[in-house]
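Q: Sequence:
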Amino acid sequence: MQKAAPAYSGLSAVPERLGSDGTTITVGDPAAPVTVHLYEDPRCPVCKRFETTGGAPRLREATIRREAKTQYTLASFLDGRLGGSGSAKAVNALRAALEKGRFAEYHDVLYAHQPDESVDGFTDAYLLKLASRVPGLRGPDFDSAVRTMKYRSFVAEAEAVYEQAGGAQDPQGPGTPTAEISGVRIPAEYNGVLFDGGAFAGLLSKVRAQPGEWRKLSS
Numbered sequence: 546m547q548k549a550a551p552a553y554s555g556l557s558a559v560p561e562r563l564g565s566d567g568t569t570i571t572v573g574d575p576a577a578p579v580t581v582h583l584y585e586d587p588r589c590p591v592c593k594r595f596e597t598t599g600g601a602p603r604l605r606e607a608t609i610r611r612e613a614k615t616q617y618t619l620a621s622f623l624d625g626r627l628g629g630s631g632s633a634k635a636v637n638a639l640r641a642a643l644e645k646g647r648f649a650e651y652h653d654v655l656y657a658h659q660p661d662e663s664v665d666g667f668t669d670a671y672l673l674k675l676a677s678r679v680p681g682l683r684g685p686d687f688d689s690a691v692r693t694m695k696y697r698s699f700v701a702e703a704e705a706v707y708e709q710a711g712g713a714q715d716p717q718g719p720g721t722p723t724a725e726i727s728g729v730r731i732p733a734e735y736n737g738v739l740f741d742g743g744a745f746a747g748l749l750s751k752v753r754a755q756p757g758e759w760r761k762l763s764s
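In terms of my numbering, the sequence shown opens at residue 546 and continues consecutively.
What the hints contain is simulated information worked out from the structure, not anything from laboratory work.
Be aware that one or more of the hints could be misleading.
[Unchecked claim] Beta-carbon label-pair distances, calculated as ranges:
1) E734 with P685: 21 to 29 Å
2) K751 with R692: 43 to 51 Å
3) R610 with S630: 22 to 30 Å
4) P578 with A558: 15 to 23 Å
5) A670 with K751: 41 to 49 Å
6) R611 with P685: 29 to 37 Å
7) A558 with G712: 15 to 23 Å
8) Q717 with G666: 18 to 26 Å
Every residue, glycine too, gets a C-beta built ideally from N, C-alpha and C.
Go ahead and model the full structure; you've got the sequences and the hints to work with.
A: What follows is the structure in structure tokens.
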């Protein structure tokens with residue numbers, strides 16, 4: 546699903562696609578040497594911090610340079626904890642945006658304009674309003690998919706994958722945001738690197754330069 550229109554975030558020339566597992570969304574050159582896998586919930590304010598002022602802007606730069614690609618597993622557990630349906634609605638809308646080749650841009654917009662997590666503000670109307678900020682996204686198919694929860698099965702399956710990623714220690718999921726770089730999960734005690742753009746960019750550079758040393762951390 547290549548993008549052809551101007552993009553909100555500068556990712557207009559970068560491919561995005563749904564993986565063969567049916568839940569993982571990948572943004573970036575498939576041949577990029579570094580893979581960053583993110584577990585996020587659209588209502589999570591800590592995810593917003595990562596996406597807007599933390600490591601994500603530097604990750605996007607690396608993606609545009611084809612040095613990295615990003616995989617997303619989209620959770621919706623905060624609906625159960627806080628009440629409401631905003632996470633599920635946002636994940637459904639993001640899946641609909643992927644069909645239009647506009648996932649990355651819309652993802653950026655949602656986090657830039659994220660309501661307070663306690664408000665459950667990702668309503669159909671608000672999601673469509675934000676979609677108007679992304680060139681080429683609004684249209685009868687997208688709007689209908691948002692209003693009818695067309696991808697509700699994707700929402701449920703992605704949440705299940707998120708929960709499985711927690712393993713026996715965290716059966717409800719690993720927490721958001723959680724990041725794995727080239728198959729190695731960043732330990733929770735070092736999660737501060739996610740919120741320091743320079744440190745995160747430096748880590749990506751080190752992994753690219755010494756992939757074998759990074760993978761040793763998982764052994």
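Q: So, for every hint listed, does it hold in this structure?
A: Taking the hints in turn, this is what the structure says about them:
1. E734 with P685: 21 to 29 Å: violated, 48 Å
2. K751 with R692: 43 to 51 Å: holds, 45 Å
3. R610 with S630: 22 to 30 Å: violated, 37 Å
4. P578 with A558: 15 to 23 Å: Holds, at about 18 Å.
5. A670 with K751: 41 to 49 Å: holds, 44 Å
6. R611 with P685: 29 to 37 Å: holds, 34 Å
7. A558 with G712: 15 to 23 Å: Violated, since A558 and G712 (Cβ atoms, about 37 Å apart) do not stay within the stated range.
8. Q717 with G666: 18 to 26 Å: holds, 24 Å
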